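Chains B and X, in that order, are what the protein sequence lines are.
No gaps in the numbering here: position 220 of the first sequence is 220 in the numbering used here, and each next residue is one more.
Residues are numbered in the numbering used here as their position in the second sequence, beginning at 1, plus a constant of 1000.
Because the hints were derived from the structure by calculation, they are not lab data.
Hints are supplied without guarantee of correctness; some may be wrong.
The following label-pair restraints were derived from C-beta to C-beta distances [as the list claims (entries may be wrong)]: (1) X:Asn1099 to B:Pro221: 45 to 51 angstroms; (2) X:Pro1172 to B:Ala71: 45 to 51 angstroms; (3) B:Asp110 to X:Ile1021: 39 to 45 angstroms; (4) X:Val1116 to B:Asp222: 52 to 58 angstroms; (5) X:Arg1223 to B:Asp203: 36 to 42 angstroms; (6) X:Gln1083 to B:Pro221: 48 to 54 angstroms; (7) X:Arg1223 to B:Ser238: 21 to 27 angstroms; (8) X:Pro1172 to B:Asp68: 23 to 29 angstroms.
Now the stretches of chain X that chain B is said to cover, found in silico as 3 or more residues with beta-carbon under 8 angstroms [stated by the list, open to error]: (9) 1106-1113; (10) 1160-1172; (11) 1188-1194; (12) 1202-1209.
It should be emphasised that the depicted structure is a prediction, and the values quoted were computed from it without experimental measurement.
From the three backbone atoms N, C-alpha and C, an ideal C-beta is built for every residue, glycine too.
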Amino acid sequence: MARNRVLGILVVAAVALATGFLVAGQVRAQLLTPSNQVARYQALVRSVQDLVKANESSRAKIASLRSDIDALEGAAAQQSTTTRALQNEVADLRAHAGLTTIHGPGVQVDLRNGTPAPDVNGQIGYLINYQDIQDVVNILFAGGAEGISVGGRRITPLTSFSGSAGQIVIDQGPPLTAPVKVVAVGDRNRMFAALEDPSAIPDLRDREVRFQITVTVTGVPDVKLPAYDSSLQIPHVSTP
Amino acid sequence: MSAPHRRPSGPRRRPRRAIEIWLIALLVALVATVQIRSEAEVERSLVGTDTTTLAFLIDDLHRANDSLAAEATDLTQRRDALQAGGSSAADQELTAEANRLRAIEGLVPVHGRGIVIVVDASSLQALDLQDAINNLAAAGAEAIAVNDHRVVIGVAIMQTPNGVTIDGALVPPPWTISVIGDTNRLAEAADLMTQQMHSDRRVRQATYRVEADVAITAVITQRPFVYANGS
């Protein structure tokens, strides 16, 4: 009798579970049927997530390999004065190319999205976009920055900015979205003055008023910039 | 002999059965809720992102990951060479690295396959030139010069009352932009850029040509760090 009762309960549970799955499946199917949009989105988003994971893993590998190379070069430099001289020269070039961490006095620029509002140009003016970041980076370099990082990504001599609809792609990194932190090492007074110049970043200043985008500049006594962790290849360039 | 004692059925068993039914009902509700909520979360995370944007993003990430893989392969080879050789291998690696970095930083003349864009326009601004250079950099430019002035990120392109300056030197139009890099990607970018420029009233002429050997002789003088320290 007790066995039959247990069996009965199990059957009821199984039927109830199956009903639950069927109901959920039906609701899902109803959501998907009109255009199958969600399923397509899911597939695309999954692809993006997988690619971002692969991207992060590759960048970590590159950083680790550069560190290994640095250590091996350091060990070789202990044995030869020629190697030591070459290593010092390369260390300076690497620092200027953004391949090593640096620190020093500087500024931090925080850029935050504004409030959605109608935009006559059909643009998404309340979002911080890649051109805003490009403009701020250019102004900071013009104002004497010796090194810059954006959202933890170091800027190199070959850096490019791209993206769309509030997404900011820097070099080979995955996209960033606001809030974005731009950090620069250099002469704080000059960089402050460059950013404060009303003609410096006219589009951003205009959108600060229209969409309440916020651009905050803070002086920092000692900021640290990470080393560049992506590709810096020039396969088409030859030197005479 | 007394009859076997039977466990009472009736009111004492009813609460137990009721609990079982409630548990099953809860389980069913939980499964259904999880299914429906996960669906809603996907929808929410995609607000404002259309499929075209996602498709472009995937394309960019594929290209980026290929570049990263190439860099990792190159670095692995360099590390292996250093491990295998002694200081002579290190000297070789360091010399090659120094030459490469000098070219990247614009400190030495360079040449290679590329494109040359000519833009003749009145009242173009520094921002226009910065955008053009960024578009070319995004298309894989490895070295750029404008009217024989070397340009890398960090070289100031400024607007002055007299016109646009590059590193303090006035650069009047027409602008000849010499670029070294993958000609397929650069030509694609240049095509789009010149098409856009043609619709700009300020632009009198905007053309580009692919060249087998673009020579960039202009160089940048490196400024030593004053504020930055290595860590």
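Going through the hints against the structure:
Between Asn1099 (chain X) and Pro221 (chain B) the Cβ separation comes to about 37 angstroms, which falls outside the hinted range of 45 to 51 angstroms. The hinted range of 45 to 51 angstroms is satisfied by Pro1172 (chain X) and Ala71 (chain B), whose Cβ atoms lie roughly 50 angstroms apart. A hinted range of 39 to 45 angstroms for the beta carbons of Asp110 (chain B) and Ile1021 (chain X) is inconsistent with their spacing of about 56 angstroms. For the pair Val1116 (chain X) and Asp222 (chain B), the supplied restraint of 52 to 58 angstroms is violated, since their beta-carbon distance comes to about 44 angstroms.
Roughly 29 angstroms separates the CB atoms of Arg1223 (chain X) and Asp203 (chain B), a value that falls outside the hinted 36 to 42 angstroms. For Gln1083 (chain X) and Pro221 (chain B), the hinted distance range of 48 to 54 angstroms is not satisfied, since their beta carbons lie about 41 angstroms from each other. Take Arg1223 (chain X) and Ser238 (chain B): their Cβ atoms lie about 26 angstroms apart, and the range 21 to 27 angstroms holds. Taking 23 to 29 angstroms as the suggested C-beta distance range, the pair Pro1172 (chain X) and Asp68 (chain B) does not conform, at roughly 49 angstroms.
For the segment 1106-1113 of chain X, the stated coverage by chain B holds: 7 residues have a C-beta nearer than 8 angstroms to a C-beta of that chain, and at least 3 were required. Here the segment 1160-1172 of chain X counts 0 residues with a CB under 8 angstroms from a CB of chain B, which misses the bar of 3, and the coverage is violated. Taking a C-beta to C-beta cut-off of 8 angstroms, the segment 1188-1194 of chain X contributes 0 residues in contact with chain B, too few for the three needed, and the coverage statement is violated. Counting residues of the segment 1202-1209 of chain X whose C-beta lies closer than 8 angstroms to any C-beta of chain B gives 0; at least three are required, and the coverage claim is violated.
Checked against the numbered hints listed earlier, the structure breaks hints 1, 3, 4, 5, 6, 8, 10, 11 and 12; every other hint is satisfied.
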